[in-house]
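Asks: Since the structure of chain U is already known, use the hints to place chain B on it.
Chains as they are written, first to last, in numbering that gives the first Met the number 0: chain U, 0 to 183; chain B, 0 to 477.
By construction, these hints were calculated from the structure, which means they are not laboratory data.
The list that follows gives simulated cross-link-like pairs (lysine-lysine, BS3-like), each with its CA atoms no further than 25 Å apart:
1) B/K404 to U/K145
2) U/K55 to B/K123
3) B/K404 to U/K55
4) U/K110 to B/K123
5) B/K145 to U/K25
6) B/K62 to U/K110
7) B/K62 to U/K25
8) B/K147 to U/K109
9) B/K374 to B/K448
10) U/K97 to B/K374
Cβ-Cβ distance ranges computed for the label pairs, FRET-style:
11) U/T32 to B/L324: 30 to 40 Å
12) U/A37 to B/L371: 38 to 48 Å
13) B/Y426 to U/T32: 45 to 55 Å
14) B/D278 to U/G156: 56 to 66 Å
15) B/Y219 to U/T32: 21 to 31 Å
16) U/Q98 to B/K143: 25 to 35 Å
17) U/E131 to B/Y225: 54 to 64 Å
18) B/N427 to U/E35: 45 to 55 Å
19) U/K25 to B/L174: 14 to 24 Å
20) B/D403 to U/T32: 36 to 46 Å
21) U/I132 to B/D229: 55 to 65 Å
22) B/S424 to U/E35: 54 to 64 Å
23) U/G156 to B/D403: 26 to 36 Å
Quick look at which bits of chain B chain U covers, simulated, 3 or more residues with Cβ under 8 Å:
24) 173-186
25) 289-298
No residue lacks a Cβ here, since even glycine has one placed at the ideal position from N, Cα and C.
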Amino acid sequence: MRKIFILLTLLITFLPVFAEKMPDFKLPDMSGTDVELASLLGKGPVIIDFWADYCKPCKEAMPALNMLAEKYEELTVVMISIDAPKAQSRAKSYLRSKQFKFVTLFDPDKKLAKQMNVVNPPHSFVLNSEGEIVYSHVGFEAGTEKEYETHIRDLLGLKDEPKHQHGENNEHCGNCGHHEEEEK
Amino acid sequence: MRWKAIVILVFVAVSLMGQNTLQINGINEAEFVYRTAADSLNTYFSNEFGFNLAYREFNFGMKFIADLPKYSNEQPKLMDEIIPGSLSVEWEELYAGFARDEFSVHVGTTEETFGNGIVFRSYKDMEFDEDHRLQSVLMRYDGKLKLKGIYGAINSDTVVNRYDLAFGADAEYPLFTGLRMGASAMAFRNLSPINTYLYRDVAAGRMQYSNAFLEGFAEYAYSKQYKANDISLGHAAFISADYFWDVLLLGAAYKNYRGFDYRLNDIPLGNYHGETLSDALASGQDEEGWQLRAAYTLLDNYYLNMDYAEAWDSSGDKRMNDLYLGVDMTFASGGYQLAWSQIEKVDDGIKAWQKEYYPTVSGDISIFSFPLHLKAEFKTVEKRRFEKESSHYEPQMQADFVLDKLSVSLGLQSWWADFDSIMDSKYNPNIEIKYPLFSHSDLLVFAGKEQGGKVCRNGVCKFVAPFEGIKVELSSRF
Numbered sequence: 000m001r002k003i004f005i006l007l008t009l010l011i012t013f014l015p016v017f018a019e020k021m022p023d024f025k026l027p028d029m030s031g032t033d034v035e036l037a038s039l040l041g042k043g044p045v046i047i048d049f050w051a052d053y054c055k056p057c058k059e060a061m062p063a064l065n066m067l068a069e070k071y072e073e074l075t076v077v078m079i080s081i082d083a084p085k086a087q088s089r090a091k092s093y094l095r096s097k098q099f100k101f102v103t104l105f106d107p108d109k110k111l112a113k114q115m116n117v118v119n120p121p122h123s124f125v126l127n128s129e130g131e132i133v134y135s136h137v138g139f140e141a142g143t144e145k146e147y148e149t150h151i152r153d154l155l156g157l158k159d160e161p162k163h164q165h166g167e168n169n170e171h172c173g174n175c176g177h178h179e180e181e182e183k
Numbered sequence: 000m001r002w003k004a005i006v007i008l009v010f011v012a013v014s015l016m017g018q019n020t021l022q023i024n025g026i027n028e029a030e031f032v033y034r035t036a037a038d039s040l041n042t043y044f045s046n047e048f049g050f051n052l053a054y055r056e057f058n059f060g061m062k063f064i065a066d067l068p069k070y071s072n073e074q075p076k077l078m079d080e081i082i083p084g085s086l087s088v089e090w091e092e093l094y095a096g097f098a099r100d101e102f103s104v105h106v107g108t109t110e111e112t113f114g115n116g117i118v119f120r121s122y123k124d125m126e127f128d129e130d131h132r133l134q135s136v137l138m139r140y141d142g143k144l145k146l147k148g149i150y151g152a153i154n155s156d157t158v159v160n161r162y163d164l165a166f167g168a169d170a171e172y173p174l175f176t177g178l179r180m181g182a183s184a185m186a187f188r189n190l191s192p193i194n195t196y197l198y199r200d201v202a203a204g205r206m207q208y209s210n211a212f213l214e215g216f217a218e219y220a221y222s223k224q225y226k227a228n229d230i231s232l233g234h235a236a237f238i239s240a241d242y243f244w245d246v247l248l249l250g251a252a253y254k255n256y257r258g259f260d261y262r263l264n265d266i267p268l269g270n271y272h273g274e275t276l277s278d279a280l281a282s283g284q285d286e287e288g289w290q291l292r293a294a295y296t297l298l299d300n301y302y303l304n305m306d307y308a309e310a311w312d313s314s315g316d317k318r319m320n321d322l323y324l325g326v327d328m329t330f331a332s333g334g335y336q337l338a339w340s341q342i343e344k345v346d347d348g349i350k351a352w353q354k355e356y357y358p359t360v361s362g363d364i365s366i367f368s369f370p371l372h373l374k375a376e377f378k379t380v381e382k383r384r385f386e387k388e389s390s391h392y393e394p395q396m397q398a399d400f401v402l403d404k405l406s407v408s409l410g411l412q413s414w415w416a417d418f419d420s421i422m423d424s425k426y427n428p429n430i431e432i433k434y435p436l437f438s439h440s441d442l443l444v445f446a447g448k449e450q451g452g453k454v455c456r457n458g459v460c461k462f463v464a465p466f467e468g469i470k471v472e473l474s475s476r477f
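Extracted from the complex, chain U is given alone in its bound form (with noise of 0.2 Å):
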């Protein structure tokens, strides 16, 4: 027993060594059209956020979402809705009705969820361009939005931001783009 114990400490110590990657996956879109993760790539950071209707912490977090895909034009933001079959309907009526910037997607069998160890969400990933996972985080707060920017500006090569660029009451600077391209 002791010598398993040994075994799966070192397994579990030398995993994260190595860059994860996300894995191939095909899940269908909002037409039940699938969606493949490689036509999600090449184009800049991804974020991945598994959400589910009935969880309330998830949907504080897409607003802060969608202003960071609205900021970012390189980035794309993909929700997968865990939601069970009969509950589908009305995470899509959700996200329809909001019209946010997002590609979405559904996983009610949590085959990807559970490959991603996806248990309670929200539950998001951020990936660079290749698809490598480079920061994930479970759940939502205020605050933690800024942390999946401090990411997506590594991706991009991007300073810090200046303090300057934000509105007052810390409204997000919706035109910052033009900003972006001088800091480079």
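Replies: Using the frame of chain U, we list chain B on its own:
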């Protein structure tokens, strides 16, 4: 020799991972529990270890659990469950698979759905902690035409150490842009207590349509259950449509179920709160109903949501309605929500009715520049059974805040017979603290009492069992 072989395998695995051809993902949740219930086992340790291994086209996964079974809500049953023999050490999940191009095979513990789940769904119900998963062989072809075939077994829920069987197929094809048509056929063989198999055959057709303005779904299923000369027929019809016009959503649904209650499906209940028609009637046995919903986004900051549903059985004795009204407000300073929920059920057959209604308020506030997320709910329950009427109140509050990396959630629940008994009532306080030890590991400490069910705290939603005591959990993902 065996130990050397295992070490060699570890080095092979690590080197294969270095070439990015082998991927291992897993999670380990270790929990130390001190339970205050009066039983013979106050303190115990529980561990769940699961991993998925993917190498080229192959994948393999398992979940191992050393655990005490979930406790009952009812105190008198606790003593029966908490005996040394109730401890379990077992493989909860074991599967392997192969996928190449559009073709895939999966063997072992299976989670799969045909269509919307009306005909067939193999799944684990996290809300009620029930396992409806088949051990099966599942073959899939995911081209333009999607085909699935399954044959599997599941532990019988009537005879111990025996199995029920399920097998069938599903096909789906996109007729033209936006329209998908599908058909399913399933056969179920359930073992009865008198050691004979009951046969149920189900066939269904469905369509799904989606474009920029309209989202629609319709399915009709036919069931024939037979044993010897006794034949019973059933059907399930479900239609749902949503119309989107810019920021306005209008939707409706209709359901009609007769004799369609069995274990390996998951039928839509057609109401916002997921309520059954009656606590005394299985879903799908005898119910008909409709649902209307509307949502409107105003000025990007306000999201108005309304959902109303009614249902009844064929005799008209059992009836229910379900109402939800909600306003979500999103500003730079935070989000706020006001909601009203109301559920009424009537059963004239046993002269019973029950009404629950509860306002919910939640939002982000700042106290002395300290951000706080508050949630409050006040549930009123009124019921009548035969000639006896009763009512009670269930208030609850929750406050979440973050101190650097430390997340804290404070909760308080109570049960009031009436407003005069506020000071004499029992209160269930609890606290949960979450701290990220490393990038892939979280430490959770819970102390107090909770009713169980779905909880959303410290930014995460999960389903928990009723509990009173202290829990320390270390969750590691790799």
